[in-house]
Amino acid sequence: MSELQVHGVAGLKRHNIKTLNIVFMIYCLVAAGAFGIEEMIPISGPGLTLLMLVLFPIFWALPISEMVAELGSVLPSEGGAYVWAKEGLGEFWGWQVGFWGTIGTWLQQAMYVVLVAGYMQKFIPLTPVTSFLVKLMMILIFTIVNLLGIKEVSRVSTVLSIAVIAGFTVVAVVGLANWQYNPVVPFIPEESGIIDSLGGSICIAIWMYCGYETMANVAGEIEDPQVIPKGLIIAMPIIALSYFLPTLAGLASVGQWESWATDGQHAIGYMDVLITYLGPAFGFGFMVIAILSQCSIFNAYIASGSRGFFVMADDHLFPRFMVRLSKKRKVPAVSIITMAFFTVALCQWDFTTLVMATTPLMLYLYMALAIATRRLRKKYPVEERRAKGLFVIPGGNFGLNFMTALPFVISIIALYVNGTEYFMSGFLMLFISLIGYILCKWFYGGLNKVDPERYHINPKTRLAFGDTIHIGIYVIFCGIASFIGSILLYLYEGEWGEEYYLEEYGSGLFSDFWGMLDVCRYGGILLILAGMIILAIGRRVEGVQLNEFPES
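Taking our numbering, the leading residue of the sequence shown gets 4, the next gets one more, and so forth.
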């Protein structure tokens, strides 16, 4: 097996964390309850929603958890997805994956703070000032927990997870004991077709199962990082059941599928099962569970999200101040505090805006992980992995193809059915990511500072040899995706898009459906042409050197 080049862990304090604690941390990172599924039910219909909750663990969550388990087993390093992509695809693509995953996590952080304030407003009137103070207090408390260390984070995650699981278990038991309605009728809303019903909620389902890869970000602080793959295998079915059973119980006991939602004066949700059959006091108690749920996710996401840029900074690919550790606890304190300030600023945004910025990044990340998994199979042979007792996706080449193709294909579908405005916002993040890499490489030097014999700099571009080629390919892929989007989005939203976006946004680019399609079409053509020019220049200027420096 090739010698691993793993960085970003020097100086970190390692902790003996048990498999059960890892399971609860993964539960917090991915689920922390079934909140969010309420939005799927009126869009897809109760029958299709329940079917999606059965199929998505098999065709989405299982492949991702298997990929993450394999990658985390062969490369159990702080930084997770960034390290995997860097080792499998190179410095340029590693940076992109690290940025997508970390920024996606930071944006999601703010979502959960916003949701906590929203849940509290259901029973405690909050002014804008008191709402901000609640958010600030939440950020402060869990930032302090994270500054104490990953062991303390895991303990808090365990306590909160047990409370959330207990609350949803009561919902499932009470709901199933009071079965009144057929939970799969209607299968889809009468006024909708199967494509509209599926497309309207597929991204919610994907979002409900995001986060499996984030646990690996703290692998460098765990004495035996192989507990993470073990925890993934245990957590996956727990998460699937915690989604399916309470939803089945709720639809069977209170019905009213058209009115299910996460907010609104007359919205129906899991809490109504307890109010209906046990009384208002139990409903109030479940509201507390809802708040604890968001707190548990927030707590775990600080731990995961603060490690991304920390490891990249240690590789000289991000501002160096992010790599500083606290003297006593040996945790990435500066990164944690920076993330806290970032969350304070972003929690003033609304939930929809944060989701719009986050979802495309996570889809790009999962497509890149599928490619990295395949590349690392060649770099680190399966036979040598098994000889060391490392986890490998079962089923040989068929298993590998199945588990990597499914997330890749589903991510592509989700990009085009998530909405034109979400699709375009994703391209803005891709542009920011590209510029970010170039600037960080120029200012900080990247892996050349870590190992100049292995990673060479092109003095003409001040980037790594091969980066011009990578950038050209990156821009071409963006252009192709954009141009195809102008066609597929027209076919998917053409009949109602103009009216919907004008009503939804009122003014600006997002209100102009045809204008957005024009941007995708002509912008895609320009990107393809620009990428081809950059690629041609790169091959002409750097092609010979790449044969000399294959690691670049």
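Don't read these hints as lab results, they were simulated from the structure.
Treat the hints loosely; a few may be bogus.
Below, in silico cross-link-like pairs of lysine to aspartate or glutamate (EDC-like), each with a Cα-Cα straight-line distance of 16 Å or less [stated by the list, open to error]:
no., residue 1, residue 2
1, 331, 506
2, 333, 226
3, 154, 199
4, 21, 199
5, 21, 193
6, 16, 227
7, 21, 261
8, 16, 199
9, 16, 193
10, 333, 501
11, 391, 155
12, 154, 227
Now for the hints, and whether the structure bears them out:
Among the hinted pairs, residue 331 with residue 506 is inconsistent with the structure: their alpha-carbon atoms are about 55 Å apart, more than 16 Å. The suggested pairing of residue 333 with residue 226 holds, with an alpha-carbon distance near 14 Å, which does not exceed 16 Å. For the hint linking residue 154 to residue 199, the alpha-carbon distance of about 45 Å lies beyond 16 Å, and the restraint is violated. A distance of roughly 44 Å separates the Cα atoms of residue 21 and residue 199; the hinted pair therefore is violated under the 16 Å criterion.
At most 16 Å may separate the alpha-carbon atoms for a hinted pair to count; residue 21 and residue 193 exceed this at roughly 49 Å. Straight-line distance between C-alpha atoms of residue 16 and residue 227 comes to about 13 Å, which keeps the hinted pair within the 16 Å bound. A distance of roughly 43 Å separates the Cα atoms of residue 21 and residue 261; the hinted pair therefore is violated under the 16 Å criterion. A C-alpha spacing of about 50 Å is found between residue 16 and residue 199, which places the hinted pair above 16 Å, so the restraint is violated.
Using a Cα cut-off of 16 Å, the hinted pair residue 16 and residue 193 is violated, with the two alpha carbons roughly 57 Å apart. Only pairs whose Cα atoms come within 16 Å are accepted, and residue 333 paired with residue 501 is rejected, the gap being roughly 54 Å. Restraint check for residue 391 and residue 155: the C-alpha separation of about 31 Å exceeds 16 Å, so the hint is violated. Between residue 154 and residue 227 the alpha-carbon distance is near 13 Å, which keeps this suggested pair within the 16 Å criterion.
The structure fails to meet hints 1, 3, 4, 5, 7, 8, 9, 10, 11 from the earlier list, while all remaining hints are met.
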